[in-house]
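K.L.:
Taken in sequence, the protein lines are chains A and B.
So for the first sequence, our numbering puts the first residue at 1; every next one is plus one.
So for the second sequence, our numbering puts the first residue at 1001; every next one is plus one.
No wet-lab data here; the hints were simulated from the structure.
Any given hint might turn out to be false.
As the list claims (entries may be wrong) - Simulated pairs of lysine-lysine, DSS-like, Cα-Cα distance not exceeding 27 Å:
#1 B:Lys1041 x A:Lys267
#2 A:Lys183 x B:Lys1041
#3 B:Lys1131 x A:Lys107
#4 A:Lys267 x B:Lys1130
#5 B:Lys1129 x A:Lys6
#6 A:Lys7 x B:Lys1174
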Amino acid sequence: MSSHAKKIFYGIGRFLLLTIFLLFVVLPIYWLIVTAFKTAPEIINAQEVTYFPKTFTLSNFNELFKMYNYWQLLKNSLIVSGSTAICITLLSILGGYGLARYNFRGKDTMVIFFLITQMIPGILVIIPLYVILTQAGFIDTLFGLFIFYLIANLPFCVITMRSFFVRIPYSLEEAAQVDGCTKIGTLLKIVIPIMFPGIVAVFVFAFIGAWNELIAGTIFINSPEIWTIPVGLKTLIGKYDVNWGVLMAGGVLALLPTAVMFAFMQKFVVEGLTAGAVKE
Amino acid sequence: MGTLILYLIVLIITSLGIFLWMRDRTKHHRPRILTNKVKSKLEPYLYILPVFILLLLMFGYPLINSFVMAFENYKLSAPNDIRFNGLGNFIKLFSDSDILIVIENSLIYVIASVAGQFILGMTLALALKKKFRGRGLYQSIVFLPWAFSAFVIGLMFRWSFNGEYGVVNDLLLKFGLIRERIAWLGTPGLSLLVVIFAMIWMGVPFFAIMDLAALQSIPSDVYEAADIDGCGTIKKFFSITLPYIKPTVIMTLLLRTIWIFNSFDLIVVITNGGPANTSQTLPSFMYTRAFASYDFGLAAALGIILMLVLAVYSVIFLRITNYNKAGDF
């Protein structure tokens, strides 16, 4: 095969592959969205499955808003996820920087410790934390949930941040220090601006991790006023027959914020993970 | 109240100390309180200690608690009857008639999901490596499942695989692949398959993003050199690409295996372990048992076992793959 033909051959193969992946991802999402806009009789129709709503309706969303104070759920989710993400980002910058830039006694042990935290089944932390939070009066509060999300997402974020720092050449910092910058000055003026994509990536990791968590939420939170979105939606299934239309409408609304956020940030995520390596 | 306040105080003092230290350093270029040598030795700890102390307290204390609980008769429904009962929880666990099938399910679930995610994720990353028009947009869509909650993904697949009204059955019927509707979630074996499918769907982006980032950080001159030496595509893949991204691959495989092994929200949402425990895995089993009867002792016992299994697995995995740069991914 000539090299030109080969190139075309590869190009077509890649195109097909990418198309298949696209369909693989999009079809289930499409089905979720389409169901959310169908009427109840159309959803539960064993004779005919429709691929586009025959009668387009917003009734599922209306019903959802009637059952829940959706803005309250949204607000709760935003408060918990936002504060978790901010705290994690700050702590990860410090921790990641320390792990990346220094050699010190106990460093390996610390890295292994971070790895071990990943092996702990959530339940082993959730149950005692439940008892502690109850004693402390923080059960059934957003603060209790915040504590759990903070520690649950922190190890991965620190390790990820560390790998971002490792990829930025140390020579840049040295140059700044030679010019009379202090360590913290260097961190603030040189490192963090270069690290921007990485920092955004870690923020997104932490935010999404907290936003999507369900199990701890259902265990720690009882009062409807402080339900987060997944905890609220969970109450839709179980008790009676599943109302798929309302459930899918709730799903669309739950996914929308993180989906939009991620669509804008995914560039930074990949960039953050690769940053620096190019220029080393 | 006491324990938590103590934690917070320790935390605040530590962070305050670090803050003052830093301010001190920014003010005076050469502070004279401590010699520079001692200072530079202490420096790294100042960055890491807030994180480390926080995690040590918040993981350590609950973990010790759980460990004690595992050997206790600890039922939240009977708070006055909490007492040491030796290996009672472990015996109860292993005398459960379903435990073997649950272990088997866990293995199938983890191996199939990790393998599926890894292969597809790697393929996607390789396909995305070269720039093309609209790649940014394409990535924003294809990586989306990564930002989705397991709960909603679970609902989505539970609805798609619905036996009566599901779109999957309808499509298979239309394409003539099946003759009558399949009760996916009501058939032993098939229900676990649906869970695995959903898990793969959810996890492909993680591998793809990590692998893609690793691929993009391979310097292009290495490939150019290989081209000059007349290397073929396959040879380039095995002697350049793979060695370069090996640390990423090992670390993502390890982390992902651990996470999948411990995750059970998809199972709870899609099948709730059914029918008759045929899609139950160890963690979901632990969850349903613990919160159906509030038997925290039993849940803690199983949790401890899971953790030990994962620790042994990690050590063996890192040994086999010859991975010696801990945490470098």
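K.L.:
With reference to the structure, classify each hint as holding or not holding.
P.N.:
Comparing the hints with the structure gives:
Restraint check for B:Lys1041 and A:Lys267: the C-alpha separation of about 38 Å exceeds 27 Å, so the hint is violated. Between the alpha carbons of A:Lys183 and B:Lys1041 the distance comes to roughly 14 Å, so the proposed pair stays at or under 27 Å and holds. Taking the CA atoms of B:Lys1131 and A:Lys107, the gap is near 38 Å; set against the 27 Å cutoff, the hint is violated. With a C-alpha separation of about 15 Å, the suggested pair A:Lys267 and B:Lys1130 falls inside the 27 Å cut-off, and the hint holds.
Restraint check for B:Lys1129 and A:Lys6: the C-alpha separation of about 18 Å stays at or below 27 Å, so the hint holds. Proposed proximity of A:Lys7 and B:Lys1174 is contradicted: the alpha carbons are some 36 Å apart, above 27 Å.
Violated hints for the displayed structure, listed by number in ascending order: 1, 3 and 6.
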